[in-house]
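A.B. asks: Could you build the full structure based on these sequences and the hints that come with them?
Spelled out from the first residue to the last, the chains are:
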Amino acid sequence: MLGGNESVERREGISKLLGRELYIDDEPMGGCLWGATVRSPSPRGLIREVRFGPEVNWEEFVVVDHRDIPGENHVWLIESDQPVLAADSVRHVHEPVVLLAHRSREMVHKAVRSVEVIVDPSPPILDFRIPPGADGIQHGTDNVFSHIVINKGDVEAALAEAPVVVEGTYETGAQEHVYLENQGMVAWIDGDVVVVKGSLQCPFYVHAALTHGLGREEDKVRVIQAPTGGGFGGKEEYPSMLALHAALLALEAGAPVKMIYDRSEDMAVTTKRHPAWIRHRTGVDPDGRLLAQEVEVVFDGGAYVTLSPVVLSRGLIHAGGPYSCDNVRIDGRAVLTNSVPFGAFRGFGAPQTIFAVERQMDKIADELGIDPVELRRMNLIREGQSTATGQIIRDGADRLEVLDRALELSAYREKQKEHARFNAANEDRRRGIGLSTYFHGAGFTGGGEVHLSSVAKVEARPDGRIVVLTSNIEMGQGTLTIFTQIVSGLLGLEPDDVLIADADTFRVPNSGPTVASRTVMVVGRLIERACADLVAKLGDSDLRGPDLKQAIVDWHRKHPRGVLDGVARYEPPPGISWDEDSYRGDAYGAFAWAACVAEVEVDLRTLATRVLDVVAVQEVGKVLNELLASGQIQGGVVQAIGWALMEECVWSDGVMVNNQLTNYMIPTSDDVPPVRVEFLEAPYAHGAGGAKGIGELPLDGPAPALAAAIGVATGTHPRAIPVTPERLMELYDGA
Amino acid sequence: MEHDAREDTVRVEFTLNGKVVVVYAQPSDRLLDTLRYGLELPGTKEGCGEGECGACTVLLDGMPANSCLVPTYQVRGRTVETVESLSSEDVAPLMRTGATQCGACTPGVVMTATWIRRHPEVLEAHSVRALMAGNLCRCTGYDGIVEGVEALVVRESDG
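If you read the sequences in order, they're chains A and B.
Counting from 1 along the first sequence, just add 29 to a position and that's the residue number in this note's numbering.
Counting from 1 along the second sequence, just add 422 to a position and that's the residue number in this note's numbering.
Take these hints with a grain of salt, some might be off.
Said to hold, decoys possible - Using C-beta positions, here's what the derived DEER-type ranges look like:
1) Asp580(B) <-> Arg458(A): 35 to 41 Å
2) Ser509(B) <-> Val582(A): 33 to 39 Å
3) Ser549(B) <-> Met136(A): 44 to 50 Å
For the record, the hints were derived by calculation from the structure and aren't laboratory data.
Note that the structure is predicted; figures quoted are calculated from it, not measured.
All residues carry an ideal CB built from backbone N, CA and C; glycine is no exception.
C.D. replies: Next comes the structure, spelled out in structure tokens:
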């Protein structure tokens, strides 16, 4: 029997290691058609004509355009502005216009090239940092998708009185998810139900998009998640679009339709991390105490609203960093450009703003001539102090210990001395070390979790086994394993006694999307409560292990065909309050806290950076499964190393043109050192087993730590990422 | 396993996971597609289709190869091994180190790892990190993979 703290092995691990996990493109689909998409060649304009080339026998093809959409022609999300298929106008290159399907995958992709979308062009908006002229306005009166201001104290007065004011401007680039499994979806018709199955994070987002776009009742649409080969946010909103396309073709064809993007299409047309421009003005006293933080943030939203307002919101809430400051003003906008829409990506706006505030802390330390470590130590939030939104932190976590442990583990001070000797002895190579301190709020922002009102369910089967029913999916992060562990640990069962139901909207309740580091902390807690509800129905809340199994078997003998289940609906932790209008209050149920130290070596001949060591120390509440948790941190850190040093989207007309793994570089095993991870634990009373969210935290810290280390090594102050050799050469030659 | 002959195809007989198979391939057919769609062995994955990511790695005459870059006709008379040839026992050490998360890169990782396991002498000149650099993984940060491969090799040398 398992105790509550024993780690369960990855449940689908052997199946994945042996290649037996069936992803959507692996499923045998007899008689299916292959779907493909005809897209806009132009970033902005009116569609004059769609020409079908004479070289193709179009009668062999299923063809769908905006006139074939039975419901509303928009992808349901925050706003109803993004068409499923463009009707009269286009707002970005690659905007979908026409869908084709054919029995032959080769033929359908060939046919796409025989459809010409002719657009009367208008001048596109391509630089989000420049306010648009009158002829560029395409959303509201100013192209601003969302404008949010966070106010605390009196920033103007505090800046005016501050002995020292430090200013800095920071920029971060787009980042492509590069989940190893490309986007894919299959749709078919089952009686009067449209069924869609594919690679996705949020079954009920897709479900809502299909009911709106197809104009169907909720019970006439069914969404099933297939094993998903990575998501990182990239399969949060885009699968709704792809599901609508596959479903429209399947309805038109009356046959199953499979749409699988190849890598170049996936990279070119799907969402990326929002590019950001961020300006800081910080008032400090000569010792470095923060007196005022004024932060201006602009995110490039791309052509449609999609998730930009909520990405901006999270970005702004994290923009002041994990520091105490009485006077804060954070003013942020997400704006339209005629680029492929930007979207959810692990960290969800926070990595951008944390990069900026951490680089700003280094700049303050530099200008005041004080140690960046001591600057952070002085300003890190203490128990009882508050964040930018006025959220008072009283969670028992020791943020100073997190910092100290990272310094100790990385041998930060010793390395500084070692580097001085190394740099003096070497002509062409320079070493440096840098750090960052950061935080990440888990779960939906503000009242988001209350609004979601998630429900989780467990069912006891006649054989005594427990089935967990949620809409939260496995995409590599370990949902199946951790849900198993939560239930088996709580109920004293073997892991094999716990089954996780497929995320099928006909079977599972809506426990919300698989995003925002919420799966374990929020949904895991619901599962714990649902288990308690189930056991209570057996008349003895203390039943565990074999006794519980026997009681379940007996119950079913007495109630043939009866359903024995336990249900829990989200309830906010006590004492949480949030005011959406003023942006004041408890933005998140809990924050995780972290410090990252990075050590680099720069070759002065090439200005290439090699990462020598990375240490990430974090306080994440209780660690439920060390192997999974470490894997999340290590993977997130390496993704952040890529964003910081090498992953650069090259743009032309608002579209990524290096849309291949040949010229969009992500880290290989040989590009990164082992990532050294350590956890500190201050259990969170309202998360499953005391856990806080963990998935996104590791994206937040490495980029500023690496930029700092490069700065120390080369005597520069990198303020924009990725710090490619080219970008560093400009800084270094100018230094 | 005999496939329908079409006029524009060539007959390709090769050894797949220890058994002789015959396929009829067009000149442009990729081994990856022949395996996945023709022979119904979907364990081998497509990640990029241009030989960068290694998700489609198979062993061709015992050497790792990106099956997306191998025309099917070129495997005539040769030996191909895919992830389907392995057993749970073969991959157990990778399970314990967290070498798989989402699983999409995993079959390719496992095939390269299998090659290293069979040829531990390559580790005299190269590190596991360097040898695994042809298999991109976006989930693990590589530590779980590197440790898993090292564990595989150690187990092998312990007999």
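A.B. asks: For every hint, state whether the structure bears it out.
C.D. replies: Against the structure, the hints come out as follows:
no. : hint                                : in the structure
1   : Asp580(B) <-> Arg458(A): 35 to 41 Å : 39 Å, holds
2   : Ser509(B) <-> Val582(A): 33 to 39 Å : 35 Å, holds
3   : Ser549(B) <-> Met136(A): 44 to 50 Å : 46 Å, holds
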